[in-house]
Amino acid sequence: MASCSFEDVLAKAERDEAEKLKGITVSKELDLEFDPGNLLAFDKNRIDTREFKDCKREDFLRSLARDNTQLLVNEIWKLPTERVEEVLVAKLPDPTTLLPREKPAPKPKPPTKWEQFAKLKGIQKKKKTNLVWDEVHKEWRRRWGYKRAKDDTKEWLIEVPENADPSEHQFNKRNKAKKERVARNEYNRLKNIARAQKIKVPGMGLAPTPRQSKAELAQAVNVAKISTASVGKFQDNLPKEKTPKNTGKKRKFQPLIGDFSSEKQKQLDLLKVMDSKKPRLDVTKAVNKQMREEDMESRHKNKKDFGKKGRRGKMSGKGKAGGKGPKGKGRKPQMKQGKR
Amino acid sequence: SKLLKGIVKAKTRRSKRFLQSREPKLTEGQKSSMIIRGGNSSETVSQALKDVYALKKPNAVLYKRKNMVRPFDDSTALEFFSKKSDCSLFLFGSHNKKRPNNLIFGRMFDFHVLDMFELGIERFVSLRDVKTDTCPEGTKPLLVFAGELFETDREHQRLRNLLTDFFCGPRVSAVRLAGLEHVLHFTALEGKIYMRSYKVLLKKSGCRTPRIQLQDMGPSFDFVMRRNHMASDDLYKTAHRQPRGVKPKKKKNISHDAFGTRLGRLHMQKQDLDKLQTRKMKGLRKRRGEQTAETAAAAAKAPRTDE
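Just so you know, the protein sequences line up as chains D and F, in that order. Using UniProt numbering, the first residue of the first sequence is number 1, and each one after it goes up by one. Using UniProt numbering, the first residue of the second sequence is number 1, and each one after it goes up by one.
Source of the hints: derived by calculation from the structure; they are not laboratory data. No experiment lies behind these values; they were computed from the predicted model shown.
No more than 30 Å apart at the CA atoms, straight line, and that leaves these computed lysine-lysine pairs for DSBU-like:
#1 Lys9/F to Lys154/D
#2 Lys107/D to Lys25/F
#3 Lys103/D to Lys25/F
#4 Lys9/F to Lys147/D
Whenever a hint applies, use it, and build me the whole structure from the sequences.
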């Protein structure tokens, strides 16, 4: 009892600790850089080239690798661990070495025409049930696809509606309608893709499709004819071709006996405009005119004598025509009179 | 192509899944590599390619037939292969009189060559020649780089990044401690790179962390640096650009103090402390007797002031 003193016990404990840590300590000049997320370690220390050449190369490399791996393992063992299915697992942090991507980041797809509309109106997507109750078969069937609930195509009897032509084929009519829907869906899908990629698609009838009707071809011919610099004014006709007379803007007139209240309202508005003292100002027109005036003035400033004459001459002309224009719409703004 | 644009739709669900796996994603999975044999290759090169393929299985494809490609002159063939097999890393091996036992390590971004490093094999020990048992396929290796050249020299830095990219396995959130079996050690010295591969033996040490012992395993290479093609700085930067969804959103009003405790900040309107609704303590309520005494005191005070 007397032989083991307090200091001896402490010293022995210290020695034991040192023994334990001897196994795993490695002394290095510079600390290694660790990236545990990638299980990576980087040793910046200088490698003694003499030692490398003198000793057996493999042994030197192996001892260097052993030291570095020991330090890396020490680092990994410091990470928090947990037990997953009776296995001890260390949770790795995010990797710190920046590695380049394989492919560029995906761009968000622009919304389709329906999606834009739904967003505008605030329409939410409704989650639909997988199965629907089918009354005919008295069981739950899928909403669409093989053996669906309300299958149009499986009907063996279609009643001819009252206002329909009795010799019409109802089954054929149904099939055609389906084909139409499919074609329209496909067309809209392709238009959405074109809009997403900002590819310009020519209008109806101008993009060549396998079978084109007479009307489509005629429209294509007309469009081609006016696609010149002078909008088709000097294009010669083919021997038996007739120039279409109905081109140009159509003026739409209201029917003679239509909505009386709207007609009355229109007439009253017109009178109100005519009556008002202030002219109705078309701001864009006014601004454009002003800008043009200023440009002309700045140009003529350089040419002094000629410019002065011209300006005066112009002003007088304006003065006469200024004020209220015909029909009370005030085509020429009042502000011009101030310049005189 | 029409498939990628969506003009031609996939006809089966399996093909649709295949196309989706090839689309660019927010967070990318493991990169696949293609190991290609060049026009003429020696025994060393063929064996080296097979060994690297064994290391990188299953995320690798080996093209054993001769491919008359010169990556440094014309990389379009490599880019075509990459597009077809959806691989962004490649290893091209060839042999000729001018460049014997040549290996080209490279990577792609968006199916165009990003970096390429040509390394010549001076000494090679194959998996076959070393008679030890190897680790199972697909173990994530420990990577160690040694040598100050990897820090100071720009080309070595890029090579280090490329080798990390090539040999690091899939990105994992956790790793089994007993499963750290494989270590790849790269040493850079005087323009040469020594690559060694060891099996890790975890021995008992006094404490929790085991003592490491290494056993020679696997392919070992002595490389010499030859030509290289490094990506321009802006292309390199573009390749690193991460999409927005990946970075975790920083929550405002949360801070950490010196002790590591998480503190939050709440912003309140100004409160009228007199009108605060607190717990009603019945005992503290004013009683009737007290009330009259107070009013009497108030009344007594008032006439005194008047006077």
